[in-house]
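Asks: Listed here are the chains, written in short residue letters.
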Amino acid sequence: MVEKCRQRTKGRPGKGILALGVALLIGLGTSQGRLGTAIANAQSKAHFNFAKVFGSAGGGNLAPCRVISDPYPEFNTIGMDTKNGLVVISDTNMKSLLVYHINEASNSSGATRAIAQIKGPATYLSYATGVALDPARRMMCVTENDVGDDVACFPYGANGDYKASVLAVPHGSYGLAFSQRLHQMALSIEHNEQIIFYRTGATGAELPLRSIRGPHTQMADPHGIYWDDVNHEIGAVNHGNWSQAYWDVDYNGGGHYQPPSITIFADNAKGDVPPLRVIQGRHTQLNWPSGIAVDPVHNEIAVANTAGHSVLIFSRTASGDVKPLRVIRGPHSKIVTPMSVAFDLAHNTLWVTNFGHSAMVFDRTAEGDATPLRFIRNAPAGTRTAGFGNPYTIAYDSKRDELIVPN
Amino acid sequence: MTDPRVGSFARLAAGNVEPIRSIYGTITKLTRVAHGVTYDPGRDEILGSEPLASSIVAFKGGSNGQVAPVRVIQGPKTQLHQPWGLAVDDLHHELVVGDYASSNILVYPWDANGDVAPIRIIGGLKTRMRGISGVAVDPEHNLIIAVTSQSRSPGAEAGVYGATFHTNVEPGGIFIFDRLANGDVAPKAFIGGPDTGILGAKQVQVWHDRIFTTVSNTPYTPPYDLAGYAPRKGCTGPPVPILTVGNPNDFVGVWKITDDGDVPPEFVIHGPNTGMASPTGIAIDPQDGEIFITDGSVGGTFSFLVPQAF
Numbered sequence: 001m002v003e004k005c006r007q008r009t010k011g012r013p014g015k016g017i018l019a020l021g022v023a024l025l026i027g028l029g030t031s032q033g034r035l036g037t038a039i040a041n042a043q044s045k046a047h048f049n050f051a052k053v054f055g056s057a058g059g060g061n062l063a064p065c066r067v068i069s070d071p072y073p074e075f076n077t078i079g080m081d082t083k084n085g086l087v088v089i090s091d092t093n094m095k096s097l098l099v100y101h102i103n104e105a106s107n108s109s110g111a112t113r114a115i116a117q118i119k120g121p122a123t124y125l126s127y128a129t130g131v132a133l134d135p136a137r138r139m140m141c142v143t144e145n146d147v148g149d150d151v152a153c154f155p156y157g158a159n160g161d162y163k164a165s166v167l168a169v170p171h172g173s174y175g176l177a178f179s180q181r182l183h184q185m186a187l188s189i190e191h192n193e194q195i196i197f198y199r200t201g202a203t204g205a206e207l208p209l210r211s212i213r214g215p216h217t218q219m220a221d222p223h224g225i226y227w228d229d230v231n232h233e234i235g236a237v238n239h240g241n242w243s244q245a246y247w248d249v250d251y252n253g254g255g256h257y258q259p260p261s262i263t264i265f266a267d268n269a270k271g272d273v274p275p276l277r278v279i280q281g282r283h284t285q286l287n288w289p290s291g292i293a294v295d296p297v298h299n300e301i302a303v304a305n306t307a308g309h310s311v312l313i314f315s316r317t318a319s320g321d322v323k324p325l326r327v328i329r330g331p332h333s334k335i336v337t338p339m340s341v342a343f344d345l346a347h348n349t350l351w352v353t354n355f356g357h358s359a360m361v362f363d364r365t366a367e368g369d370a371t372p373l374r375f376i377r378n379a380p381a382g383t384r385t386a387g388f389g390n391p392y393t394i395a396y397d398s399k400r401d402e403l404i405v406p407n
Numbered sequence: 001m002t003d004p005r006v007g008s009f010a011r012l013a014a015g016n017v018e019p020i021r022s023i024y025g026t027i028t029k030l031t032r033v034a035h036g037v038t039y040d041p042g043r044d045e046i047l048g049s050e051p052l053a054s055s056i057v058a059f060k061g062g063s064n065g066q067v068a069p070v071r072v073i074q075g076p077k078t079q080l081h082q083p084w085g086l087a088v089d090d091l092h093h094e095l096v097v098g099d100y101a102s103s104n105i106l107v108y109p110w111d112a113n114g115d116v117a118p119i120r121i122i123g124g125l126k127t128r129m130r131g132i133s134g135v136a137v138d139p140e141h142n143l144i145i146a147v148t149s150q151s152r153s154p155g156a157e158a159g160v161y162g163a164t165f166h167t168n169v170e171p172g173g174i175f176i177f178d179r180l181a182n183g184d185v186a187p188k189a190f191i192g193g194p195d196t197g198i199l200g201a202k203q204v205q206v207w208h209d210r211i212f213t214t215v216s217n218t219p220y221t222p223p224y225d226l227a228g229y230a231p232r233k234g235c236t237g238p239p240v241p242i243l244t245v246g247n248p249n250d251f252v253g254v255w256k257i258t259d260d261g262d263v264p265p266e267f268v269i270h271g272p273n274t275g276m277a278s279p280t281g282i283a284i285d286p287q288d289g290e291i292f293i294t295d296g297s298v299g300g301t302f303s304f305l306v307p308q309a310f
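Chains as they are written, first to last, in our numbering: chain X, 1 to 407; chain E, 1 to 310.
Worth flagging that the hints you see were computed from the coordinates, not collected in a lab. Remember, it's a predicted structure, so these values are computed and weren't measured experimentally. Honestly, I wouldn't trust all of these hints.
[Unchecked claim] Only pairs whose alpha carbons sit at most 16 Å apart, straight line, appear in this in silico EDC-like list of lysine to aspartate or glutamate: (1) E:K233 / X:E206; (2) E:K77 / X:D250; (3) X:K399 / E:D288; (4) X:K399 / E:D285; (5) X:K52 / E:E266; (6) E:K188 / E:D259; (7) X:K399 / E:D40; (8) E:K188 / E:D115; (9) X:K399 / E:D90; (10) X:K52 / E:D262; (11) X:K399 / E:D44; (12) X:K52 / E:D195; (13) X:K323 / X:E367.
Construct the complete structure from the given sequences, taking the supplied hints into account.
Replies: This is the structure we're talking about:
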């Protein structure tokens, strides 16, 4: 089969492809594969006769000619516990959590040494998005977007295929934050424009305590969130996509788009309440804002402005169509497709994760095309990335001989 | 859960390569969860379905960067809820959309723009469709083909995706309708049943007398109601982490366009050598005899050279 591929594609699959294929096969032979096999066996016993399905068909167990895939983790969202010196970053590609010491650095060209990588079927980790740490309970938690539908929590020190403590949550969860004051956990839900609240430590199918949702909230496809325990506020960044029709089949009003925004609420709000403040408009530069963090000491908000390839700093109390106080952007900053931000006020730094292979640590007051103080890397410097997030669908462009793949 | 870009790769690309073009940014009106994309050679357009905004967006072929769509189909008249699969009929100048939530097939003019009503809708109890995930159109045989993750069992209520999801349903399959069918009509043919191996079908393509589809047999039940208010009755926790476990019974299957009933596929791509864990998207290049697959578990695309399947 590979020989045929070589003839028709005018090129031999590279060593990387063959290595990737081996890695995939090894993966399927692990506990992941065993659990999948258990499901398959149950289906066969139920009413499917897969021996017959596959037995009479042509084709079969064929190797691919080509695979496009990134064999490294891809950083997504960052969580931090400055008191215990931990940084935790979610990874949607390998479906893992990477744990680093807060003073770790990778000023060489190699990957940064991680304290732990939590990964495997017992972890429930899949499309890992929002990360939050709870220093009081010494727990690190992550929420799973798409068909994950959960918050998975692990004790500090967890590693490998560690059995998670899990909570079922609505479909499309993204941001995650804790309140030590209210002993609650908050999640943003993209698909039905809400922030939903649970008791800290909730597991199983425990019911939510409350939610902020409805047209008056002005939320539309909320992503990252922060909880400001000092000022009793909770904030969310919104991509601006809105559709009640998505989740309400009796709703005939269709969907709409609105400009991206930051919506800030009282942290005890409930129901269809208007935000205390909204940052939105042309001057804000918001462009697919995905991550957000608050600095209650210096009264600032940082935003990972994904499609703007920038980090925007606003006054914590800003409102309306306002310009950022500072913008970090440019080739020296190395900020490309930033997904999340976090303040480390103990070291007066601002952390930024790119979707891909690097996180950067800046001086908290950095501005313009600033150079990072140091890097955290999950792959050797310069490693490219295919950049898949959730490659669900595909098309073939016959005019240009190209594959078209959305995230 | 990441940047919802649309990336383009050379067909012969392999390994850890970056896209040669990428459409991204607020101006594009792209959302996460693009569960359908198609290329229309007739108009040289890329069309994407955007469930989180109940919209369809169209870009000129070869678009790159932060560009506005040339057309957006969105609004109350469109009857769009969760558009997933897309297909363009270049012969009859029509756009066919499969809506997962309403379980309707919606047909629009191929140049539809704005708040436009569909010119035909296939949907209702008689169709037996539930959870349409992919559509294809066969102008040669005058057919529309839809694949579903489930199908309504006889006597099931007219419920759609919402609170009744996974109740009174049977496994999904391949539904074949006359292209001009309209309203609550029975399919002309249905490929489904234990011998087909289809518990849930994901996406579909058609070429001459062959139907190509991805089959995902890992059971998935969302823990909450679709509106996200409360866990479903009987829910005890999150679903099995299907993306990390994979399922050896997932496969790519090829059937004849004339098949009907509980018919095994005539050609499959299946097994550990494929490297796939959970195939979902499918595209085909008949000229080179290739099938292209996306797999969210692995996080990549797979190209198979299988001229014998065409």
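Asks: Are the Cα positions of E:K233 and X:E206 separated by 16 Å at most?
Replies: holds (12 Å)
Asks: For the pair supplied as a hint, X:K52 and E:E266, confirm whether the alpha-carbon distance does not exceed 16 Å.
Replies: Holds. X:K52 to E:E266 sits at ~11 Å (cutoff 16 Å).
Asks: Quick one, are E:K77 and X:D250 close enough, alpha carbons at most 16 Å?
Replies: Answer holds: E:K77 to X:D250 is near 14 Å, not above 16 Å.
Asks: Against the 16 Å threshold, does the CA-CA distance of E:K188 and E:D259 hold or violate the hint?
Replies: holds (11 Å)
Asks: Between the alpha carbons of X:K399 and E:D288, is the straight-line distance 16 Å or under?
Replies: Holds. X:K399 to E:D288 sits at ~13 Å (cutoff 16 Å).
Asks: Measure nothing beyond the straight line between the CA atoms of X:K52 and E:D262; if it is 16 Å or shorter, mark the hint as holding.
Replies: holds (12 Å)
Asks: X:K399 and E:D40: Cα distance at most 16 Å?
Replies: Judged against 16 Å, a Cα distance of about 10 Å means the pair holds.
Asks: Would you mind confirming whether the straight-line C-alpha gap from E:K188 to E:D115 stays at or under 16 Å?
Replies: Violated, at roughly 31 Å.
Asks: Between X:K323 and X:E367, does the CA-CA distance stay at or below 16 Å?
Replies: holds (14 Å)
Asks: Take a quick look at whether X:K399 and E:D44 sit within 16 Å of each other, Cα to Cα.
Replies: Holds - the C-alpha atoms of E:D44 and X:K399 are around 8 Å apart, at most 16 Å.
Asks: Is X:K399 close enough to E:D285, meaning Cα to Cα at most 16 Å?
Replies: Holds: X:K399 and E:D285 sit about 11 Å apart, inside 16 Å.
Asks: Holds or violated: X:K52 and E:D195, Cα atoms, limit 16 Å.
Replies: holds (7 Å)
In this structure, only the earlier hint numbered 8 is contradicted, and the remaining ones agree with it.
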